[in-house]
Structure formats: structure tokens, C-alpha cells
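Q: Counting the first sequence from 1 gives a position; the working numbering is that position plus 1.
Watch out, some of these pointers could steer you wrong.
[What the hints assert, rightly or not] Only pairs whose alpha carbons sit at most 27 Å apart, straight line, appear in this in silico DSS-like list of lysine-lysine:
1) K149 <-> K263
2) K114 <-> K80
3) K92 <-> K236
4) K149 <-> K208
5) K82 <-> K208
6) K92 <-> K129
7) K248 <-> K236
8) K168 <-> K152
9) K194 <-> K82
10) K146 <-> K208
11) K152 <-> K114
12) K194 <-> K263
13) K80 <-> K92
14) K146 <-> K82
15) K240 <-> K114
16) K152 <-> K129
17) K92 <-> K146
18) K28 <-> K49
19) K146 <-> K28
20) K188 <-> K248
21) K240 <-> K263
22) K179 <-> K168
23) K180 <-> K149
24) K194 <-> K179
25) K114 <-> K189
26) K149 <-> K129
27) K92 <-> K28
28) K82 <-> K188
29) K263 <-> K114
30) K92 <-> K248
31) K149 <-> K179
32) K168 <-> K114
Keep in mind that the hints were calculated from the coordinates and are not lab data. The model shown is predicted, which means the values in this text are computed figures rather than measured ones.
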Amino acid sequence: MYIELSSSRPFTLDFTLCCGQTFRWDKQGDWWRGVVGEEAFEIRQYGKTLEFEGVNASFIESYFRLDDDLPNIFLHIDKDKNIRAAINEFKGLRILRQEPWECLISYICATYKNISAISQMLANLSRKFGEETHLDSHSFYTFPKPEKLAKAGLQELQECGLGYRAKYVSETARLVCKKAFDFERLKKTTYEKAREELLDLPGVGPKVADCVLLFSLEKLESFPVDVWIRRVILKYYTKHFSNEFIKRNSARESLSRTDYEKLSYFGRQYFGSHAGYAQEYLYHHERTHR
DNA sequence: CAAGTGCCTTTATC
DNA sequence: AGATAAAGGCACT
């Protein structure tokens, strides 16, 4: 099946799947292969054409957020020359509409790990606790259900390379099962309320919560702050902060909770209702220019 | 090539 | 409030 993109609907598959927002996609030749929910599918792009197998067009439009009016979002977040440079270079990068449960566990696992290590952990978890499916001759594993991870032993989780994260994953899985954690409700409520509920989960701090909100709960104003984004702000946006704040954060490795909130709040105020897009562009830009 | 550094941080403790 | 330490292990230099 095919989707034809018009020039008013920019999209670049490679940027979108390579920018570190998702961890379970694999590229062989032109084809990207992955699983979303129960659906294994493959997709490739040539020019303005998307070709895919395994799911229908509306699934693709939803997962890749082709419904976001990207040119209009650019107009809103285009506040200065830093962000403009990032937009010009990576135009077509889109935030994905990920599955909340998988996104939550992915970012709990992502703390203090690099992207390739995160991919490995999640592949291990899926192979061990997920269901195998096939598309053509390729085999895939779905992401394990909450019940499955809730029942898993700590030892088994650690064998997947989770380390100290194993206990957070286990406890969060249990809480999600027990309280029947309603991700759909979080999608409908405000950024602030949804964030508070996420912060109650073990292994979820402000950074993880903001990522889950942005990538899976429809909160495009969310502005996650990691080491890279902090670096960007300390480099290009110093004038929006006090001298003490800049000094403190330049000298120190760790980021205090209150300073996290200041940085994240700045992002939301400065870039507005689609600050999350600005964050992704700045993040990817900074990473690729180091 | 070995050893050091860094990693899309959170939590516990003082 | 804020500082500090600890917590896998792997990739990269």
C-alpha cells in the first residue's frame, strides 16, 4: 500500500525513526521493520511516497502523526535562529504517536543509558516476554503486556540487562495492572494532571514523565529536559535565566528537581503549545553536531 | 588495546 | 531546598 505526501505535509521517515524517540525499529536496506501494538509492519520512503505492508493507511497516518500540521507548527515554534537551523536541517521529523505502556517502560529503562543499550534491553524484554509474530519471512516480537512483566521475576528482568531498573519495571507493571492504569483517561486530561499521576510510578521522575506525555499521551507542549537539552539551553538561551542559575548549572553535573522544572517550564513558555516539537528538533540537532 | 568517560535519571539520605 | 551518592553495563574514544 502507498501514501503520497504533498509538499504541505513534509515527512522524513529516517529522521523520525532515528532521532531517539523510539527504540524498537530496525532498518534493513530501504525497509524499516517494527511492531506497534499487535501489528508488525514494514515501511519505506522514496521521495514523497511511503510504501508499507502489514497495516492500513489510517494506521500509518496515526502512528506517524501525519495529521499534525507541521508547516503550521514550524511557524509557531520558529522563535530564533537556533531552532530555525534545526528545522531547516531536519524538516520532516515528526513525533510519533506511540503506545503508552511500551513508551512508559521504554523510558523507565532509558534512564542513564545510551540509545543502543536501550534498544538492546527492550529487544531482550520483547524476545523473552512478548509474542512472536511474522510478516513475510521476518519474525517480530510484540512488546510484553503489563501482566506479563508484573509476573516476571526480578532475576529474569535483570537477565535482560535492566540492572537496577528491573525493580522499577516490575513495580510499575504491578501498579498498572492493579489500578488498571487508564492511559486513555490521561490522554484526555491536562498535561499537569497526567504528569502528576505518572510521577507516582516508581522509576518515573520528571524527565521520564515528560517523555511519556509527549510521545504517547498527546501532550505536545511537554518539553523533556535531558543532558543534551540542558546543554542547548545553557549555550543559546542564557539570557532567559539568572546568572546564578547559569553558573550553578554549568558547573554541576546533576540537575536538581527545581532546576529541571525551570528548564522545562521555560521550554513550554518560550516555544508554546507545540514545545515538544521544538525539543525534538533541538535535541536531534545538538546530538548530530557533536 | 586498556582504561576512562558518558549515557534522553531516579531515588535515598542527610 | 539542595547536595551527594549509588545504581548495570555497554559503547565509544
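Q: With reference to the structure, classify each hint as holding or not holding.
A: Hint by hint, here is what the structure shows:
1. With a C-alpha separation of about 38 Å, the suggested pair K149 and K263 falls outside the 27 Å cut-off, and the hint is violated.
2. For the suggested pair K114 and K80, the alpha carbons sit about 31 Å apart, so the restraint of at most 27 Å is broken.
3. For the hint linking K92 to K236, the alpha-carbon distance of about 22 Å falls within 27 Å, and the restraint holds.
4. A distance of roughly 26 Å separates the Cα atoms of K149 and K208; the hinted pair therefore holds under the 27 Å criterion.
5. Using a Cα cut-off of 27 Å, the hinted pair K82 and K208 holds, with the two alpha carbons roughly 26 Å apart.
6. As the CA atoms of K92 and K129 are separated by approximately 37 Å, the hinted pair breaks the 27 Å bound.
7. Of the pairs offered as hints, the one joining K248 and K236 holds, with about 12 Å between alpha carbons and a cut-off of 27 Å not exceeded.
8. Under the criterion of a C-alpha separation no larger than 27 Å, the hint pairing K168 with K152 is consistent with the structure, at around 12 Å.
9. Taking the CA atoms of K194 and K82, the gap is about 33 Å. The hint is violated against a cut of 27 Å.
10. Straight-line distance between C-alpha atoms of K146 and K208 comes to about 23 Å, which keeps the hinted pair within the 27 Å bound.
11. With a CA separation close to 25 Å, the supplied pair K152 and K114 stays within the 27 Å bound.
12. Distance restraint check for K194 and K263: the Cα-Cα separation of roughly 18 Å lies within the 27 Å cut-off, and the hinted pair is therefore satisfied.
13. Taking the CA atoms of K80 and K92, the gap is near 16 Å; set against the 27 Å cutoff, the hint holds.
14. Of the pairs offered as hints, the one joining K146 and K82 is violated, with about 44 Å between alpha carbons and a cut-off of 27 Å exceeded.
15. Simply put, K240 and K114 have alpha-carbon atoms about 31 Å apart, too far for the 27 Å limit, and the pair is violated.
16. Taking the CA atoms of K152 and K129, the gap is near 13 Å; set against the 27 Å cutoff, the hint holds.
17. For the given pair, K92 sits about 35 Å from K146 by alpha-carbon distance, which is inconsistent with the 27 Å threshold.
18. Using a Cα cut-off of 27 Å, the hinted pair K28 and K49 holds, with the two alpha carbons roughly 19 Å apart.
19. Restraint check for K146 and K28: satisfied, since their Cα atoms lie roughly 25 Å apart, inside the 27 Å limit.
20. Proposed proximity of K188 and K248 is contradicted: the alpha carbons are some 37 Å apart, above 27 Å.
21. Distance hint between K240 and K263 is fulfilled; the C-alpha atoms sit about 14 Å from each other, no more than 27 Å.
22. Of the pairs offered as hints, the one joining K179 and K168 holds, with about 16 Å between alpha carbons and a cut-off of 27 Å not exceeded.
23. Straight-line distance between C-alpha atoms of K180 and K149 comes to about 16 Å, which keeps the hinted pair within the 27 Å bound.
24. Between K194 and K179, the direct Cα distance comes to roughly 20 Å. Compliance with the 27 Å bound is thereby established for this hinted pair.
25. About 31 Å separates the Cα atoms of K114 and K189, which puts this hinted pair outside 27 Å; it is violated.
26. Restraint check: the Cα-Cα separation between K149 and K129 comes to about 10 Å, which is no more than 27 Å; the hinted pair holds.
27. Between K92 and K28 the CA atoms are separated by roughly 20 Å; this keeps the pair inside 27 Å, and the hint holds.
28. For the suggested pair K82 and K188, the alpha carbons sit about 33 Å apart, so the restraint of at most 27 Å is broken.
29. Our distance criterion of 27 Å between C-alpha atoms is met by K263 and K114, whose separation comes to about 24 Å.
30. For the hint pairing K92 with K248, the CA-to-CA distance comes to about 33 Å; that exceeds 27 Å, so the pair is violated.
31. A distance of roughly 13 Å separates the Cα atoms of K149 and K179; the hinted pair therefore holds under the 27 Å criterion.
32. With a C-alpha separation of about 16 Å, the suggested pairing of K168 with K114 holds against the 27 Å cut-off.
Comparing the model with each numbered hint stated earlier shows that hints 1, 2, 6, 9, 14, 15, 17, 20, 25, 28, 30 do not hold.
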